[in-house]
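Sequence order for the protein chains is A and B. Counting from 1, position 92 in the first sequence corresponds to residue 92 in the numbering used here; the numbering is continuous, with no gaps. Counting from 1, position 78 in the second sequence corresponds to residue 78 in the numbering used here; the numbering is continuous, with no gaps.
Any given hint could be a false lead.
What the hints assert, rightly or not - Pulled a few chain B residues facing chain A out of the computed Cβ check, cut under 8 Å: (1) 32; (2) 76; (3) 142.
Stated by the list, open to error - Part of the chain A face toward chain B, derived, beta carbon under 8 Å: (4) 36; (5) 43; (6) 53; (7) 54; (8) 61; (9) 63; (10) 105; (11) 106; (12) 109; (13) 134; (14) 137.
Claimed, not checked - Simulated crosslink set (DSSO-like; lysine-lysine; CA at most 30 Å straight-line): (15) B:84 to A:126; (16) B:86 to B:44; (17) A:150 to B:86; (18) A:136 to B:128; (19) B:49 to A:136; (20) B:102 to A:54; (21) B:44 to A:136; (22) A:133 to B:128; (23) A:11 to B:128; (24) A:126 to B:102; (25) A:136 to B:29; (26) B:44 to A:54; (27) B:84 to A:13; (28) B:44 to A:90; (29) A:54 to B:143; (30) B:86 to A:11; (31) A:54 to B:141; (32) B:106 to A:54; (33) B:44 to A:133; (34) A:136 to B:86; (35) A:133 to B:49; (36) B:84 to A:136; (37) A:150 to B:84; (38) A:11 to A:133; (39) B:29 to A:150; (40) A:90 to B:84.
Calculated directly from the structure, the hints in this document are not laboratory data. Owing to the predicted nature of the structure, the values given are computational and were not obtained by experimental measurement. From the three backbone atoms N, C-alpha and C, an ideal C-beta is built for every residue, glycine too.
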Amino acid sequence: MQREAALQELKSKINTILEPAIYVVESGAIGRFCEAVGDQNPLYGDEEYARRTKYLGVIAPPGFYGLPLQQITDAEDNVDLGILLGPVFKSLPQIQQLGRSGVNGGTEMEFYHNVRPGDVLLTYHKLTDITQKQGKLGEMMLCTIEQTFKNKAGQTVAVVRTTLIMY
Amino acid sequence: MPKLFYEDVQVGMEIPVLCKHPTTNQLVKWAGATLDPARIHYDKDHAQKVGLPGQIVHGLLKCQWLIQMLTDWIGNDGRIRSIKCKYVGMDLPGDTIECAGKIIEKSNQDGTGCIECEIWLSNQRQGKTTLGSAIIELPIKTKYVY
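Next comes chain A alone, as it looks inside the complex:
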C-alpha cells in the first residue's frame, strides 16, 4: 500500500521541475573520474598539452558534470543513484518505496558545451515518466528522469535522461 501511495505521489509530480542542484567541477574530481574509467587522455588533466589543442585548456570528459554540492542521502541499501540522481532522490524520496532495490536501465546524453575545471553548473531535473513492466527482475517500475545542466552564462551544457529500474 505504501508503494501504491508512493507511485501516486510520484505520478502527480511528472514533468514538474524540481529544486535545482548545484554541481561544482573541480580538477581533482575530474582526475579521480578519469582514473576510475581508465581514460588517460591528457586533454582532461595536462594543462600544457590541453593549451595546445583547440580547447585552449583542460576540459572534463563528456559525461562528467562535476559533483553535486548537496549531501546525498544515504541510500546504500536501496537505490543506485550516484552522481546524477543523488539530488533527484532528495526531492523525490518516494522513488525508494517503489521496490527493494534499483538498477540503472539506460542513459541518454546530449552534449552542447564543454565543461571545464572551475565551472559551476545549475541542474534542473524532472521525472518525465513512470512505467510498470514485467522483466528478468520480476515486477519493475521504470522511472525516467531528465536533467538539464546549465553553466553560469545560462547555456545548456548537457541534457541527461536516465531510466531507473526499481524492482
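Take the given structure of chain A and dock chain B to it, following the hints.
Coordinates of chain B only, in the frame set by chain A:
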C-alpha cells in the same frame, strides 16, 4: 592534425574495440568518484540478496567506456553530439568486456561532417549487455583550418 576526418570514414566501418577488465577495486574507485554508495556494486552478498548475480558493473561506467571508445577513435577534433545506452545485461568483475561499434549513417549537414554509429558493449559470458547509438561530428578536410 586531426586524428580522423569525415572523408576518412565510410558506412559499415568498424570502430576500434576498447577492452576493459573490471575489478571490484575499479568499481569502488568509480563509486567514490561518482558518489554512488549503492552496495550492489561492491558487496557480493548484498547484491545476491537483492536478486543479482553478483556485484554488477555500474551502468553509467559502461556508458563512460563507450564514450572513451568514441573519443579515443575520433581524437580531440571530433565531437560527440549525443549518446544513448540501454543496459540489457549485467557485467561482473572478472569479465572481459569489449566496447565496439560501427558506422550506420554519414551525412554532410550544412558543412558539418555528421556520422551515426551503432555501439555496444559485450562480455565473454553473455554477449552484448549494452546496446546503444551515438551521433558524432567530424572535421571536414576542405574546411579544416590548420
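Status of the hints after comparison with the structure:
no.	hint	result
1	32	holds, 7 Å
2	76	holds, 5 Å
3	142	violated, 18 Å
4	36	holds, 4 Å
5	43	holds, 6 Å
6	53	holds, 5 Å
7	54	holds, 7 Å
8	61	holds, 7 Å
9	63	holds, 5 Å
10	105	holds, 6 Å
11	106	holds, 4 Å
12	109	holds, 5 Å
13	134	violated, 14 Å
14	137	holds, 6 Å
15	B:84 to A:126	holds, 19 Å
16	B:86 to B:44	holds, 23 Å
17	A:150 to B:86	holds, 25 Å
18	A:136 to B:128	holds, 16 Å
19	B:49 to A:136	holds, 15 Å
20	B:102 to A:54	holds, 27 Å
21	B:44 to A:136	holds, 19 Å
22	A:133 to B:128	holds, 22 Å
23	A:11 to B:128	violated, 33 Å
24	A:126 to B:102	violated, 33 Å
25	A:136 to B:29	holds, 28 Å
26	B:44 to A:54	violated, 45 Å
27	B:84 to A:13	holds, 25 Å
28	B:44 to A:90	holds, 27 Å
29	A:54 to B:143	holds, 15 Å
30	B:86 to A:11	holds, 23 Å
31	A:54 to B:141	holds, 16 Å
32	B:106 to A:54	holds, 24 Å
33	B:44 to A:133	holds, 26 Å
34	A:136 to B:86	holds, 15 Å
35	A:133 to B:49	holds, 21 Å
36	B:84 to A:136	holds, 22 Å
37	A:150 to B:84	holds, 20 Å
38	A:11 to A:133	holds, 16 Å
39	B:29 to A:150	holds, 27 Å
40	A:90 to B:84	holds, 26 Å
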